[in-house]
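Chains as they are written, first to last, in the numbering used here: chain G, 1 to 209; chain L, 210 to 785.
Because the hints were derived from the structure by calculation, they are not lab data.
Even for Gly, the Cβ is constructed at its ideal location relative to N, Cα and C.
Careful: at least some of the hints might be erroneous.
[As the list claims (entries may be wrong)] 30 Å max Cα-Cα, derived BS3-like pairs, lysine-lysine:
#, chain 1, residue 1, chain 2, residue 2
1, L, Lys737, L, Lys696
2, L, Lys696, G, Lys65
3, L, Lys682, L, Lys694
4, L, Lys768, G, Lys69
5, L, Lys305, G, Lys69
6, L, Lys694, G, Lys69
7, L, Lys305, L, Lys660
8, G, Lys79, L, Lys696
9, G, Lys125, L, Lys737
10, L, Lys305, G, Lys65
11, L, Lys648, L, Lys694
12, G, Lys125, L, Lys682
13, L, Lys648, G, Lys125
14, L, Lys694, G, Lys65
15, G, Lys111, L, Lys660
16, G, Lys69, L, Lys732
17, L, Lys737, G, Lys65
18, G, Lys69, G, Lys79
19, L, Lys768, G, Lys111
20, L, Lys226, G, Lys65
21, L, Lys696, L, Lys660
22, L, Lys682, L, Lys615
23, L, Lys648, G, Lys111
24, L, Lys660, L, Lys722
[Said to hold, decoys possible] Looking from chain L toward chain G, a few residues come up when the C-beta cut is under 7 Å (computed):
#, residue
25, Pro577
26, Pro635
27, Pro639
28, Ala679
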Amino acid sequence: MLDFVIIDNGIVLAIVALASLSLVFGALLGFAGERFRVDDDPIVEHIDALLPQTQCGQCGYPGCKPYAKAISEGEAINKCPPGGDSTIRDLADLLGREVRPLDGEAEDMPKVAYIREDECIGCTKCIQACPVDAILGAARHMHTVIIDECTGCDLCVDPCPVDCIDMVPRPSTLDDWQWPFPAGPGQRTPAPGLIATDRASATQGAVHG
Amino acid sequence: MARDFDFPGGIHPPQRKQASAQEPLRQAPLPSRVVLPLKQHTGAPAEPCVIPGQRVRTGECIAIAQGMISANIHASISGEIRSLEEHAVPHPSGGKAPCLIIDGDGQDEWQRLPSLDWHQTDRDALVERLQQAGVVGLGGATFPTQIKTCSRDDHSIDTLIVNAAECEPYITADDLTLRTYAPDVVEGAGLMALLCGAKRIVIGIEDDKPEALAALEAHLHGTDIGNQVDVPIELTVISTRYPSGGEKQLVKRLLNREVPSRGLPIDVGVLCHNPGTLRAAIRAVRDGEPLVSRIITLTGAALHQPGNIEARLGTPMHALLAQAGWHEAAVSRLVMGGPLMGFELSQADLPVVKASNCLIAATTEELPAQPPEQPCIRCGACETACPAGLLPQQLYWHTRSHDHDKAELFNLFDCIECGACDFVCPSHIPLAQYFRAAKDSIRFRHHEARKAEHARHRFELRQARTEREAAEKEARRQARAAAVKRKSRDRSAGERHETTLDTSQATGGDDVKTLRIAQAAAKAAVRKAEKALARASETGDGDIEDLEVQLATAQENLKATESRLEAARGTQENAQ
Ligand code: SF4
Ligand code: SF4
Ligand code: SF4
Ligand code: SF4
Chain G
1 MLDFVIIDNG IVLAIVALAS LSLVFGALLG FAGERFRVDD DPIVEHIDAL
51 LPQTQCGQCG YPGCKPYAKA ISEGEAINKC PPGGDSTIRD LADLLGREVR
101 PLDGEAEDMP KVAYIREDEC IGCTKCIQAC PVDAILGAAR HMHTVIIDEC
151 TGCDLCVDPC PVDCIDMVPR PSTLDDWQWP FPAGPGQRTP APGLIATDRA
201 SATQGAVHG
Chain L
210 MARDFDFPGG IHPPQRKQAS AQEPLRQAPL PSRVVLPLKQ HTGAPAEPCV
260 IPGQRVRTGE CIAIAQGMIS ANIHASISGE IRSLEEHAVP HPSGGKAPCL
310 IIDGDGQDEW QRLPSLDWHQ TDRDALVERL QQAGVVGLGG ATFPTQIKTC
360 SRDDHSIDTL IVNAAECEPY ITADDLTLRT YAPDVVEGAG LMALLCGAKR
410 IVIGIEDDKP EALAALEAHL HGTDIGNQVD VPIELTVIST RYPSGGEKQL
460 VKRLLNREVP SRGLPIDVGV LCHNPGTLRA AIRAVRDGEP LVSRIITLTG
510 AALHQPGNIE ARLGTPMHAL LAQAGWHEAA VSRLVMGGPL MGFELSQADL
560 PVVKASNCLI AATTEELPAQ PPEQPCIRCG ACETACPAGL LPQQLYWHTR
610 SHDHDKAELF NLFDCIECGA CDFVCPSHIP LAQYFRAAKD SIRFRHHEAR
660 KAEHARHRFE LRQARTEREA AEKEARRQAR AAAVKRKSRD RSAGERHETT
710 LDTSQATGGD DVKTLRIAQA AAKAAVRKAE KALARASETG DGDIEDLEVQ
760 LATAQENLKA TESRLEAARG TQENAQ
């Protein structure tokens with residue numbers, strides 16, 4: 001009997017010790033959580049991951065993250081023109097909201113900024129405007145755009161005092177090319193590299209009945 | 210010898226190899242001008258290292274590999290660099306790409322690398338040589354060869370397979386390579402086996418190439434083979450069936466090993482190389498000759514003299530076709546590669562590139578245009594034919610409706626695009642093209658997502674920098690204020706002793722504590738980013754540039770908290 005009590009006591013002791021430990025650690029963790037708190041709300045992160053990160057501000061917010069935060073607080077999901085319909089669809093999926101048509105004008109093709117370098121006076125205004133540091137150049141020297149980093153946000157165009165920045169279609173290489181989907185039942189699928197006239201002349205002389 | 214395990218499916222299309230397999234290998238005349246695309250390999254385009262007007266000799270490097278996966282490009286004739294310009298290249302899009310153009314001087318003056326005795330040379334120097342010489346897989350995949358040897362470090366490879374199946378109709382380039390250069394191919398296999406640590410070499414060859422087989426046997430039974438290659442060599446003849454030459458299919462047929470889904474032969478201890486690649490590898494090492502030519506099959510009913518020809522890279526295709534006596538008006542389709550996995554070219558003014566294993570100048574009769582696609586009748590023939598054990602019919606429904614997630618669930622990325630399903634489909638559905646298109650579209654989506662992620666990181670870096678600048682400004686302001694205050698305090702020291710305890714002392718003290726913690730967290734973030742970057746640079750996995758941006762952001766954040774801490778300490782002092 002006595003044994004039991006002792007064992008019992010042992011268990012009680014252990015439980016008490018564990019409970020107090022967990023309390024202490026819990027408090028510590030809570031404290032640490034408070035102290036190291038970062039404003040990374042997971043839902044904002046999820047929303048931000050779906051936005052195109054052009055950082056153009058067309059949504060009315062100073063960048064994609066702020067818009068993501070606004071969406072998490074109830075802002076409409078159809079305000080990002082660079083993302084277009086597919087982003088709206090993804091957001092609607094994530095948040096269980098209704099798909100709405102885009103509020104604004106959809107962008108037809110991806111663009112990049114191009115500086116006419118011989119006209120540039122090196123005022124650095126465009127560098128200050130670029131949200132992703134895609135423009136290189138020192139004061140009073142010619143400036144140039146790193147095409148691979150430019151998101152095509154358009155923000156550098158207006159500040160330029162001599163209007164030497166243009167938005168041009170993003171140059172594409174063969175690596176950007178994708179096999180087209182076949183035309184579907186009832187259709188002939190021509191070889192993708194052949195344009196109609198090539199095909200006509202290539203088959204000339206071999207056409208039969 | 211007749212071990213013959215099996216992969217599922219497969220087809221027996223008309224072989225049509227006779228026409229080009231009868232003639233011995235020919236040498237193409239030296240072209241007077243060559244067009245060399247900067248990208249003739251899987252990976253990043255090479256960067257030119259010559260300028261227009263510069264004289265180059267055959268074998269001189271004219272464009273240097275860029276990044277992890279890329280390959281050097283060499284002058285394939287001697288002469289003068291004419292220009293760097295956009296020129297049409299063999300590509301399914303029919304598009305143009307940057308090319309270096311050389312006007313030849315007709316001298317063919319060579320610049321070779323020093324010849325190496327591969328038994329006596331250390332491994333790193335051999336791998337480096339393959340890289341220098343721009344050797345890539347010549348079976349069509351054009352993957353840089355030296356990268357395959359480097360994978361030794363984390364996989365153990367026991368078998369090197371010489372992939373001489375050459376199962377696709379029309380193509381006989383490997384057949385002729387073996388008939389003409391069997392010793393080179395075998396020695397090349399010995400070299401590659403040494404580099405990857407394989408304990409044996411297995412040559413897999415289909416039974417429709419009796420002459421190549423005889424050449425190999427004659428060489429293997431020769432007396433000197435033992436001094437040349439240090440590992441045992443097996444010759445395995447397999448019955449002809451398409452696509453035995455697919456790597457996974459060949460590994461299954463020769464060794465009865467199953468390459469896992471989305472895996473590579475390396476995952477089951479095997480490396481596969483094509484005979485042409487092995488010959489190029491041994492020439493690069495033993496003869497110091499960079500990859501400047503390749504063997505190409507010229508065939509199709511529109512040619513009078515089909516056959517195989519060894520041509521310098523960059524030779525215009527029409528010149529080769531003219532030598533083979535093409536009847537231009539009779540050509541209805543010009544195909545590079547085989548009829549099942551190749552693609553159609555829109556013209557013949559295109560350069561021969563490292564990937565050009567075969568040109569088919571076909572008449573309408575032999576390769577009629579694809580009939581219109583009919584609705585799927587769910588016959589299941591495609592399933593029976595698929596060598597990868599996939600369900601093409603299911604893949605078809607999902608890719609057609611652009612349901613990419615479902616398609617991936619049905620192992621879309623295990624499809625080897627062999628076209629066996631197209632071949633048997635009674636409804637003439639271009640199944641493989643659906644699958645190629647879907648893969649491209651999925652890859653594009655991933656690419657866009659990665660780019661967006663990178664832009665986000667750069668945006669964060671910029672924000673961190675702006676904040677750091679503001680914090681530093683604030684710290685400087687505080688320092689100035691403190692200096693002013695000290696001065697005034699010194700002046701008034703003797704007069705009044707009471708110091709007004711302003712409220713900022715309490716908050717200042719608290720700030721310092723909070724900021725110290727923030728500083729520790731920022732330091733931890735920097736260390737974490739440094740580690741991630743170090744790991745990525747070691748393994749080669751991950752986007753180094755992007756990780757550098759993330760590290761820079763963490764450093765900016767750290768500097769900002771340090772400045773804030775300084776400023777807060779300043780406030781505290783000011784308050785005292
Ligand atoms: S509109 Fe521009 S800033 Fe706003 S979410 Fe879209 S890409 Fe980002
Ligand atoms: S804003 Fe215009 S002028 Fe000024 S640096 Fe940029 S491109 Fe040059
Ligand atoms: S193309 Fe793909 S799906 Fe069709 S048979 Fe070949 S591996 Fe199977
Ligand atoms: S072979 Fe063609 S018709 Fe038959 S199930 Fe497959 S896709 Fe459908």
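These are the hints, each one checked on the structure:
no.: 1; hint: L/Lys737 to L/Lys696; in the structure: violated (44 Å)
no.: 2; hint: L/Lys696 to G/Lys65; in the structure: violated (46 Å)
no.: 3; hint: L/Lys682 to L/Lys694; in the structure: holds (18 Å)
no.: 4; hint: L/Lys768 to G/Lys69; in the structure: holds (26 Å)
no.: 5; hint: L/Lys305 to G/Lys69; in the structure: violated (44 Å)
no.: 6; hint: L/Lys694 to G/Lys69; in the structure: violated (42 Å)
no.: 7; hint: L/Lys305 to L/Lys660; in the structure: holds (25 Å)
no.: 8; hint: G/Lys79 to L/Lys696; in the structure: violated (56 Å)
no.: 9; hint: G/Lys125 to L/Lys737; in the structure: violated (35 Å)
no.: 10; hint: L/Lys305 to G/Lys65; in the structure: violated (39 Å)
no.: 11; hint: L/Lys648 to L/Lys694; in the structure: violated (69 Å)
no.: 12; hint: G/Lys125 to L/Lys682; in the structure: holds (21 Å)
no.: 13; hint: L/Lys648 to G/Lys125; in the structure: violated (42 Å)
no.: 14; hint: L/Lys694 to G/Lys65; in the structure: violated (41 Å)
no.: 15; hint: G/Lys111 to L/Lys660; in the structure: holds (14 Å)
no.: 16; hint: G/Lys69 to L/Lys732; in the structure: holds (27 Å)
no.: 17; hint: L/Lys737 to G/Lys65; in the structure: holds (23 Å)
no.: 18; hint: G/Lys69 to G/Lys79; in the structure: holds (13 Å)
no.: 19; hint: L/Lys768 to G/Lys111; in the structure: violated (35 Å)
no.: 20; hint: L/Lys226 to G/Lys65; in the structure: violated (60 Å)
no.: 21; hint: L/Lys696 to L/Lys660; in the structure: violated (54 Å)
no.: 22; hint: L/Lys682 to L/Lys615; in the structure: violated (54 Å)
no.: 23; hint: L/Lys648 to G/Lys111; in the structure: holds (25 Å)
no.: 24; hint: L/Lys660 to L/Lys722; in the structure: violated (39 Å)
no.: 25; hint: Pro577; in the structure: violated (10 Å)
no.: 26; hint: Pro635; in the structure: violated (13 Å)
no.: 27; hint: Pro639; in the structure: holds (5 Å)
no.: 28; hint: Ala679; in the structure: violated (14 Å)
Hint compliance for this structure: hints 1, 2, 5, 6, 8, 9, 10, 11, 13, 14, 19, 20, 21, 22, 24, 25, 26, 28 are broken, all remaining hints hold.
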